[in-house]
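Number of protein chains: 2
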Amino acid sequence: MRKTLYSLIAALSCTSIFAGGTIDVSLFGAFPDDNKDDTLAVRAALTQAKKQGATKLVFPKGRYDFHPDAAFERYQFISNNDEGLKRIAFPIDGMKRFEIDGQGSEFLFHGFLSPFTIDNSSDIVLRGFSVDYVRTFHSEGKILAVTDAYADVEIPPEYPYSIENGLLKFHDGNSGKARTLYPVSAMLEFDPIKRETAYQARDYGTGPDIRAEDLGNRHVRILRAKLKGTHGNIFVFGPNHRQVCAIAITDSRNVAVEDVSLYHCGGMGIIGQRSRDLFVRRVQVTPAPHKNRIVSITADATHFVNCGGQVVLEDCLFELQKDDATNVHGIYVRIVSCISPTIVDVKLVHPQQFGFDFIRKGQTLELVKGPALTTYAYPVVKQVERLNKEYTRLTFKESLPQTVEIGDALAAIDNYAALTIRGCTIRGNRARGILLNSRGPTVVENNTFHTAGAAILFEGDARFWYEQAGVSDCVIRSNRFDNCNYGVWGHALIEVGAGIDPTFRTESRYNKNIRITDNTIRFFHPALLSMYSVKGLTFAGNRLEKTEAYPQWKPTAPRFETPDCDDVRIEE
Amino acid sequence: MRKTLYSLIAALSCTSIFAGGTIDVSLFGAFPDDNKDDTLAVRAALTQAKKQGATKLVFPKGRYDFHPDAAFERYQFISNNDEGLKRIAFPIDGMKRFEIDGQGSEFLFHGFLSPFTIDNSSDIVLRGFSVDYVRTFHSEGKILAVTDAYADVEIPPEYPYSIENGLLKFHDGNSGKARTLYPVSAMLEFDPIKRETAYQARDYGTGPDIRAEDLGNRHVRILRAKLKGTHGNIFVFGPNHRQVCAIAITDSRNVAVEDVSLYHCGGMGIIGQRSRDLFVRRVQVTPAPHKNRIVSITADATHFVNCGGQVVLEDCLFELQKDDATNVHGIYVRIVSCISPTIVDVKLVHPQQFGFDFIRKGQTLELVKGPALTTYAYPVVKQVERLNKEYTRLTFKESLPQTVEIGDALAAIDNYAALTIRGCTIRGNRARGILLNSRGPTVVENNTFHTAGAAILFEGDARFWYEQAGVSDCVIRSNRFDNCNYGVWGHALIEVGAGIDPTFRTESRYNKNIRITDNTIRFFHPALLSMYSVKGLTFAGNRLEKTEAYPQWKPTAPRFETPDCDDVRIEE
Numbered sequence: 002m003r004k005t006l007y008s009l010i011a012a013l014s015c016t017s018i019f020a021g022g023t024i025d026v027s028l029f030g031a032f033p034d035d036n037k038d039d040t041l042a043v044r045a046a047l048t049q050a051k052k053q054g055a056t057k058l059v060f061p062k063g064r065y066d067f068h069p070d071a072a073f074e075r076y077q078f079i080s081n082n083d084e085g086l087k088r089i090a091f092p093i094d095g096m097k098r099f100e101i102d103g104q105g106s107e108f109l110f111h112g113f114l115s116p117f118t119i120d121n122s123s124d125i126v127l128r129g130f131s132v133d134y135v136r137t138f139h140s141e142g143k144i145l146a147v148t149d150a151y152a153d154v155e156i157p158p159e160y161p162y163s164i165e166n167g168l169l170k171f172h173d174g175n176s177g178k179a180r181t182l183y184p185v186s187a188m189l190e191f192d193p194i195k196r197e198t199a200y201q202a203r204d205y206g207t208g209p210d211i212r213a214e215d216l217g218n219r220h221v222r223i224l225r226a227k228l229k230g231t232h233g234n235i236f237v238f239g240p241n242h243r244q245v246c247a248i249a250i251t252d253s254r255n256v257a258v259e260d261v262s263l264y265h266c267g268g269m270g271i272i273g274q275r276s277r278d279l280f281v282r283r284v285q286v287t288p289a290p291h292k293n294r295i296v297s298i299t300a301d302a303t304h305f306v307n308c309g310g311q312v313v314l315e316d317c318l319f320e321l322q323k324d325d326a327t328n329v330h331g332i333y334v335r336i337v338s339c340i341s342p343t344i345v346d347v348k349l350v351h352p353q354q355f356g357f358d359f360i361r362k363g364q365t366l367e368l369v370k371g372p373a374l375t376t377y378a379y380p381v382v383k384q385v386e387r388l389n390k391e392y393t394r395l396t397f398k399e400s401l402p403q404t405v406e407i408g409d410a411l412a413a414i415d416n417y418a419a420l421t422i423r424g425c426t427i428r429g430n431r432a433r434g435i436l437l438n439s440r441g442p443t444v445v446e447n448n449t450f451h452t453a454g455a456a457i458l459f460e461g462d463a464r465f466w467y468e469q470a471g472v473s474d475c476v477i478r479s480n481r482f483d484n485c486n487y488g489v490w491g492h493a494l495i496e497v498g499a500g501i502d503p504t505f506r507t508e509s510r511y512n513k514n515i516r517i518t519d520n521t522i523r524f525f526h527p528a529l530l531s532m533y534s535v536k537g538l539t540f541a542g543n544r545l546e547k548t549e550a551y552p553q554w555k556p557t558a559p560r561f562e563t564p565d566c567d568d569v570r571i572e573e
Numbered sequence: 002m003r004k005t006l007y008s009l010i011a012a013l014s015c016t017s018i019f020a021g022g023t024i025d026v027s028l029f030g031a032f033p034d035d036n037k038d039d040t041l042a043v044r045a046a047l048t049q050a051k052k053q054g055a056t057k058l059v060f061p062k063g064r065y066d067f068h069p070d071a072a073f074e075r076y077q078f079i080s081n082n083d084e085g086l087k088r089i090a091f092p093i094d095g096m097k098r099f100e101i102d103g104q105g106s107e108f109l110f111h112g113f114l115s116p117f118t119i120d121n122s123s124d125i126v127l128r129g130f131s132v133d134y135v136r137t138f139h140s141e142g143k144i145l146a147v148t149d150a151y152a153d154v155e156i157p158p159e160y161p162y163s164i165e166n167g168l169l170k171f172h173d174g175n176s177g178k179a180r181t182l183y184p185v186s187a188m189l190e191f192d193p194i195k196r197e198t199a200y201q202a203r204d205y206g207t208g209p210d211i212r213a214e215d216l217g218n219r220h221v222r223i224l225r226a227k228l229k230g231t232h233g234n235i236f237v238f239g240p241n242h243r244q245v246c247a248i249a250i251t252d253s254r255n256v257a258v259e260d261v262s263l264y265h266c267g268g269m270g271i272i273g274q275r276s277r278d279l280f281v282r283r284v285q286v287t288p289a290p291h292k293n294r295i296v297s298i299t300a301d302a303t304h305f306v307n308c309g310g311q312v313v314l315e316d317c318l319f320e321l322q323k324d325d326a327t328n329v330h331g332i333y334v335r336i337v338s339c340i341s342p343t344i345v346d347v348k349l350v351h352p353q354q355f356g357f358d359f360i361r362k363g364q365t366l367e368l369v370k371g372p373a374l375t376t377y378a379y380p381v382v383k384q385v386e387r388l389n390k391e392y393t394r395l396t397f398k399e400s401l402p403q404t405v406e407i408g409d410a411l412a413a414i415d416n417y418a419a420l421t422i423r424g425c426t427i428r429g430n431r432a433r434g435i436l437l438n439s440r441g442p443t444v445v446e447n448n449t450f451h452t453a454g455a456a457i458l459f460e461g462d463a464r465f466w467y468e469q470a471g472v473s474d475c476v477i478r479s480n481r482f483d484n485c486n487y488g489v490w491g492h493a494l495i496e497v498g499a500g501i502d503p504t505f506r507t508e509s510r511y512n513k514n515i516r517i518t519d520n521t522i523r524f525f526h527p528a529l530l531s532m533y534s535v536k537g538l539t540f541a542g543n544r545l546e547k548t549e550a551y552p553q554w555k556p557t558a559p560r561f562e563t564p565d566c567d568d569v570r571i572e573e
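Chains as they are written, first to last, in the working numbering: chain A, 2 to 573; chain B, 2 to 573.
Chain A with its partners taken away, still in its complex shape (with noise of 0.2 Å):
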């Protein structure tokens, strides 16, 4: 640490060293390749970039190593990952106008340190790095022999851990007190020659002990019965956390991600929350070259959270991670309790989405009734008061329907953002392709898809994740759909998934004006379309192509699936 702080006291006391709006990072005392941490340095420049108004932070090309050590610190509740306070390498907050341009080099974290999080500022841009770590979250181990009582794996160096108490421990590598763990919550199984989950594969719930005896020679046996595996496949011990996303956007608008590979990371790649125009180009989600990794980053590539304006994402790749590619929704708050005509109690459900504080004063809502997700007033927040991150007080300028009740759920109507998906790849990670769950005009062209589940699924409930979906107006057209559904995550290449009870999909219409056109499909498995409570929806100019690509594994399937849907038009 001692480098970087006396160069950052001679940056400080020497402001005229800067030249315009750009700052280098080498004044803070970062260099590349010299092994030393660099956080201290990004943090000084930073502060520095914020006071003098810098537009522009470079880094000259070459390799950065940060540790959590001296890393600025904020409890942080980011949706769809997990809370916590965090480390945070480069904490960019309240800025305006401002660039980080990596140059190409190379960002390696150094245990649960966050690379990027961006609050409450606009136009920002980075570009130009890639993110790695030198111990990854997750664990892979390739499989030696499974039988009915247990499977063999040989555990790569790169993956530390021990056998203790009978139970497999990964970790750091360090002892005593200095050891971080990196504990487990599932299994997954991996093939890496065709670089995707295996055909079928599914995931075995762990939690974070595994019973398993040591073999020597870095063989540890996994004392599990009834798990499936293949000789040479690898066995991916995923994460019992999201705790460090790559890039969290929060609360800030028009902010672009550019030439950025996000080799790991543990929880989602980009991340944005109650944000506006975000911008996804040339971002590769792909494991690190060279480092015998089949898995890239622990979760869903991006994830949009009460986003607006326009979220693009273009030219992208995304494969291997351990979810979806990305999923651009809002969040439905549950009523718990009706206080009086005005005033209802409402608790954020989802662990994971604690702390997400979307209602403000003046704000007009929906109010939905959870079971059909049928909007049926439209309140306007008078009073918000927050108990604690689960519950929230909302009083309301007016009485609420006396239909109103607990388990009827409440989300904003004024954010929903245009999404625009072209011109990217998605291949080979766990779970979807893309979950299209916007409300503004949705546009997904000229992507190619080779997706474990379905390919493009619309979500939505409140009842589990109590995300807010439901379409109304989207365009997937000139796509390239390869052999799709050779997962277990979906029924169907293109399906909906809204948690709508099925006493109520004859009148529900949650999802409209879905047009599928001049695409190209290659598939094996025989369902395409597995649709309900659709209105609006047309399958047309799509050149089908049947394939043996994979073995069957439900051959009787439907091609087209439209129960309870109106406006129909299928043309194979």
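Just so you know, not all the hints are guaranteed correct.
Since the list gives no way to pick out one identical chain from another, each pair is judged satisfied if it fits inside one copy or across any two copies.
As the list claims (entries may be wrong) - Cross-link-like lysine to aspartate or glutamate pairs, in silico, DMTMM-like; alpha carbons within 20 Å at most: (1) Lys51 with Glu386; (2) Lys178 with Glu84; (3) Lys52 with Glu386; (4) Lys170 with Asp210; (5) Lys348 with Glu74; (6) Lys178 with Asp204; (7) Lys390 with Glu84; (8) Lys52 with Asp120; (9) Lys57 with Glu259; (10) Lys383 with Asp415; (11) Lys390 with Glu74; (12) Lys62 with Glu315; (13) Lys513 with Glu562; (14) Lys62 with Glu259; (15) Lys97 with Glu214; (16) Lys227 with Glu165; (17) Lys348 with Asp70; (18) Lys390 with Asp70; (19) Lys97 with Asp25.
Don't read these hints as lab results, they were simulated from the structure.
Starting from the structure of chain A, add chain B where the hints point.
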């Protein structure tokens, strides 16, 4: 929650119902003995009290229940306990001249809910209530049999558990997502007849993973070799955290806790930090009556860190808690980097001190050689820049001595408590009695000690706990010591345990002016004094009575050991 909120609204719209400065909690919907959650009512009452400047909140006598759901929330760093985002039932923040009178009520807490926090307040009185929990943070099991390979225990229904993956997991009896775990870190044997830790029992560090087999009928076999235990005694499974203190006092002055029973909490009972003038009178730390529990609270009964003015413990009972009765000390930070002659980086070293920010601009500190605990300079702070909960950068007004080096320590010298411990009974708890580490005048008189380890310990170190200590004026008189040292936590009845490197003990005089007079000492263990590096030590006028109360565990221990001390007067 419904009823409470209704009442709140009624109360807030009709403030004229309050007579004078006293508020009755029932006006906010908290009624005794109705099994309803009173958290929100108390929260509203405290808000209203602050608003109207009320001086007292009273509870009609009875039982009140508190659940975490609607509780106030704050991220808290509480020294010698665990940091975290806490739910707090009684948040007293920024209040002046305010009393809470339970009038003999029972406050019953559910889950991980902290009872009281007093922040930035003055002239506060808490009076007339008990604190207990529906589910204790520790668990207990009656010892049935112990062999070289295992121990069998019978776990009462008060401590729900299950065996999962071959591991013993304590929980709250709920299932699925509603279940809360109560994880363990260590086992310790207690004697329920003598109501104390078992003779020479030691902690078995287990971590949260205890291998076990269910034998049915709430009998469990603990699969750990070389345990010792006696049939009929109790194994106490201590929690792996100190998350839930009963009463935490931070940055406050003139706080009194009187006529309060602390039956249980998951951390320290009363912890004061950066505060002054704290009075603890007629406080009982004791296991809840009629609940078949051997342990009271899970950590120290009281504890005071960087507190000044007066600290008074009077007429209290501290028994069967899982750590010392009190400890009054400062905190050292460690110098980890010397940036320039006037700038250093310092670190709070022990994780339970993280976030303990005690250094202020303008403050004079002592600069200490760590291994010797000798002060060699008094630098004045010019600037404080907190990097995060661990690291702070300090700038001093003048250059530090050239002999400053990494590993030296800094501490405050402007806030030593005048400590009085009078009329208290301390017995049966784990570890020691009282830790005397304040440099203010210290008087310990008319107390009764029956402690497993040393009754009185002089501590302090800059290598592990980083607790600043060293008495300068300490009187221990007219106390009754009744067969202490039946446990493993100490060498002698009264001892120095300061972390002074043995090579420096000849020169260090860390403690000064200790007078031990007019005490009655009944003892089976021969060692009464084990002291080093003391200047001024008197042991005179004490009545000594040798007993056979317990077997001898070190019959050859010398009665008085005082190497490296000056001005010693010992009269048997």
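Results for each hint:
1. Lys51 with Glu386: between (33 Å within a copy, 17 Å between copies)
2. Lys178 with Glu84: between (24 Å within a copy, 18 Å between copies)
3. Lys52 with Glu386: Between copies only: 16 Å across, 34 Å inside.
4. Lys170 with Asp210: So Lys170 and Asp210 pass the 20 Å test inside a copy (8 Å) and across (11 Å) alike.
5. Lys348 with Glu74: between (27 Å within a copy, 15 Å between copies)
6. Lys178 with Asp204: This pair counts as between: shortest inter-copy Cα distance 19 Å, intra-copy 32 Å.
7. Lys390 with Glu84: both (10 Å within a copy, 17 Å between copies)
8. Lys52 with Asp120: Close inside one copy (17 Å), not across copies (33 Å); limit 20 Å.
9. Lys57 with Glu259: within (15 Å within a copy, 60 Å between copies)
10. Lys383 with Asp415: Cα proximity of Lys383 and Asp415: one copy only (16 Å, versus 49 Å across).
11. Lys390 with Glu74: both (19 Å within a copy, 8 Å between copies)
12. Lys62 with Glu315: neither (25 Å within a copy, 66 Å between copies)
13. Lys513 with Glu562: within (16 Å within a copy, 87 Å between copies)
14. Lys62 with Glu259: Cα proximity of Lys62 and Glu259: one copy only (16 Å, versus 65 Å across).
15. Lys97 with Glu214: Intra 54 Å, inter 60 Å, cutoff 20 Å: neither.
16. Lys227 with Glu165: between (23 Å within a copy, 17 Å between copies)
17. Lys348 with Asp70: between (35 Å within a copy, 10 Å between copies)
18. Lys390 with Asp70: between (27 Å within a copy, 10 Å between copies)
19. Lys97 with Asp25: Classified as within; 18 Å inside a copy, 51 Å across copies.
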